[in-house]
Amino acid sequence: MIKLINVTKIYAGQKEPAVRELNLTVEEGESCVLVGPSGCGKSTTLRMINRLIEPSSGTILIDGKDIRETDPDQLRMGIGYVIQQIGLLPHRTVAENIAIVPRLYGWPKDKIKERTDELLELVGLDPETTRSKYPAQLSGGQMQRVGVARAMAVDPPIMLMDEPFGAVDPIARNHLQDEFLRLQSLMRKTICFVTHDINEAIKMGDRIAIFNRGELVQHGSPHEILSNPVNEFVRDFIGYDRVVKKLSLCRVGAIARKDFGVIRESELPAAAEIMRKQQTEVSFLLDHLGAPGGMLARKLIEKQGAALSPGALKELAQKGREAFIQEDALLRDALSLLFELSVDYLGVLRGETLCGVVSLADIREYAAGKEVD
Amino acid sequence: MSIVQYFLNNFSFISKYAATHFSLIFGAVLISLLLWLPVGVLISRNEKLANTVLGIANTIYCIPSLALFSFLVTIPAFGLGRKSALLALVLYAMMPLVRNVYQGIKIVDKSVIEAARGMGMNSWRILREIQLPLAAPVIFAGFRITVVMTTGVAAIAAYIGEKNLGRLITVGLNGYNVEMIVTGALLIALIAIVLDTVLGFFERMMIPRGLRIRRG
Ligand SMILES: Nc1ncnc2c1ncn2[C@@H]1O[C@H](COP(=O)(O)OP(=O)(O)O)[C@@H](O)[C@H]1O
Ligand SMILES: [Mg+2]
Chain A
1 MIKLINVTKI YAGQKEPAVR ELNLTVEEGE SCVLVGPSGC GKSTTLRMIN RLIEPSSGTI
61 LIDGKDIRET DPDQLRMGIG YVIQQIGLLP HRTVAENIAI VPRLYGWPKD KIKERTDELL
121 ELVGLDPETT RSKYPAQLSG GQMQRVGVAR AMAVDPPIML MDEPFGAVDP IARNHLQDEF
181 LRLQSLMRKT ICFVTHDINE AIKMGDRIAI FNRGELVQHG SPHEILSNPV NEFVRDFIGY
241 DRVVKKLSLC RVGAIARKDF GVIRESELPA AAEIMRKQQT EVSFLLDHLG APGGMLARKL
301 IEKQGAALSP GALKELAQKG REAFIQEDAL LRDALSLLFE LSVDYLGVLR GETLCGVVSL
361 ADIREYAAGK EVD
Chain B
1 MSIVQYFLNN FSFISKYAAT HFSLIFGAVL ISLLLWLPVG VLISRNEKLA NTVLGIANTI
61 YCIPSLALFS FLVTIPAFGL GRKSALLALV LYAMMPLVRN VYQGIKIVDK SVIEAARGMG
121 MNSWRILREI QLPLAAPVIF AGFRITVVMT TGVAAIAAYI GEKNLGRLIT VGLNGYNVEM
181 IVTGALLIAL IAIVLDTVLG FFERMMIPRG LRIRRG
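From first to last, the protein sequence lines stand for chains A and B. Taken in order, the first sequence gives residues 1 to 373; the numbers are from my numbering. Taken in order, the second sequence gives residues 1 to 216; the numbers are from my numbering.
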């Protein structure tokens, strides 16, 4: 756990503090994203945690212990640190770069080698072809992976990351973010992550701390911040599409309902009757193997269902044969699919099996909802 | 080909002069390295000190060599001869050596140093494992300039009693002995050029492999 208490930093020769009276706690195993416009004090805050900068006043505790009680080099050896420029040693190979902290700890050679290969695998690089390359031989994305591997070399419980994916192209960034989230879900490290990109903050943070001019403006989960921005600054900073952004926070499975009907192909002639009896807004058509292959909305059937032949009904249902989405997809993707197919309902799948339904109205309700836990 | 003739006829004392010349170069460069490399490292950690020291080095470098030699000779502790010669050469070497060590260390990418510090490397280790290896080509370039410069300036020390190749020129000039003058001048020039070329070759080898290698 990292706890900053009344921390202020005024750089020599400056009047305005770079960080003012900051109180912030990052819980064990939590990723906290510091976000805000350039120059608002994010990097300063991060660099005070590993004592690259000393606060002008205030106290920083790590696991309850004042960091001033630990020798700075010793302290830093136990904290992973990744910066935007990465800072790989250009005259050392990938393996040697990763081995820096293990060597500071005096690990034996074979343990270092084993760990290096393990880390390279972990960050998605092939040890065989990568370990003896020099940084100049790597792409930006590969360098950033090595930077992350290097910071994790001795498996530090805390990682400080200063715009770690800021210098790579958007596609690579997205990829690195996803992989880092996957790693984090396995390792549950305590992470302080700096970015100026609110979308990255929403994606990466368990909690987000929004800064402006050296002050903490709002601290909370992405959902809290998107639902209840405390002031105009936060509202502006997260953008007027905040409701849409919120749809990236929730997976379809979380709001899916169970009240859907199913109709087998053989039952199509009596479809209207069955649906009326089932009392569900929507039914999904299952083929003879039980696989979902279409959708019938009750509204539609009630209007004209009785007049339609089974063949026409089947055709109607099959217009919705693509209206299915996996339960771990984001609501954003569900919304997009609803619009794309011009339908009101999507069947929710767990693998191949139908397990729920989600409607445009459900998504609207979620997006409009203030605070749900 | 009277110069060749002259050279062969007088080979024994010319080779003695050459030996003295080399021993002066060697001594001066050695002392300079021992003195100025640490000073260069030291000032890379203190901007204020760096400005002062580099200012001094620059000023000294601007003093014409004959003037500096003559001045030192008048100081009783030094007088005519080797001590004054060494001191002058060491003072001249301050500029290329201190400046290149300082610049070599300063041009190391700041983010590399920040990352290293952030990982818990202490400043001594950063100096030894990062700054010096990366600065090596620049430092070596300073060494090369020093050697070549010292070769030339050492000849002028003949005026204050050094019996080296410069003496071929001073004595030659006195009696207007053309063969002697030209032999001295050619030898000094040749030695400087050969040293420069050889050291230039080594300078390229000082570039760390990781910086020579490119993607592809
Ligand atoms: N080493 C420094 N010396 C003086 N001022 C600094 C230094 N580092 C940062 N600052 C100033 O402190 C403020 C906050 O900087 P920083 O923490 O780097 O912001 P951010 O990372 O949010 O962009 C800025 O106004 C910046 O100019
Ligand atoms: Mg910053």
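Hint data in this document are derived by calculation from the structure and do not stem from the laboratory. Among the hints, a few may not be true.
[Stated by the list, open to error] Okay, derived cross-link-like pairs now, DSS-like style, lysine-lysine, Cα gap no bigger than 25 angstroms in a straight line:
| # | chain 1 | residue 1 | chain 2 | residue 2 |
| --- | --- | --- | --- | --- |
| 1 | B | K83 | B | K163 |
| 2 | A | K189 | A | K3 |
| 3 | A | K133 | B | K83 |
| 4 | A | K3 | A | K133 |
| 5 | A | K258 | A | K203 |
| 6 | B | K163 | A | K15 |
Computed from a predicted model, the values in this text were never measured in an experiment.
Here is how each hint holds up against the structure:
This hinted pair checks out: K83/B and K163/B have alpha carbons roughly 13 angstroms apart, not beyond 25 angstroms. Of the pairs offered as hints, the one joining K189/A and K3/A holds, with about 15 angstroms between alpha carbons and a cut-off of 25 angstroms not exceeded. For the suggested pair K133/A and K83/B, the alpha carbons sit about 51 angstroms apart, so the restraint of at most 25 angstroms is broken. Distance restraint check for K3/A and K133/A: the Cα-Cα separation of roughly 39 angstroms exceeds the 25 angstroms cut-off, and the hinted pair is therefore not satisfied.
Of the pairs offered as hints, the one joining K258/A and K203/A is violated, with about 28 angstroms between alpha carbons and a cut-off of 25 angstroms exceeded. For the hint pairing K163/B with K15/A, the CA-to-CA distance comes to about 65 angstroms; that exceeds 25 angstroms, so the pair is violated.
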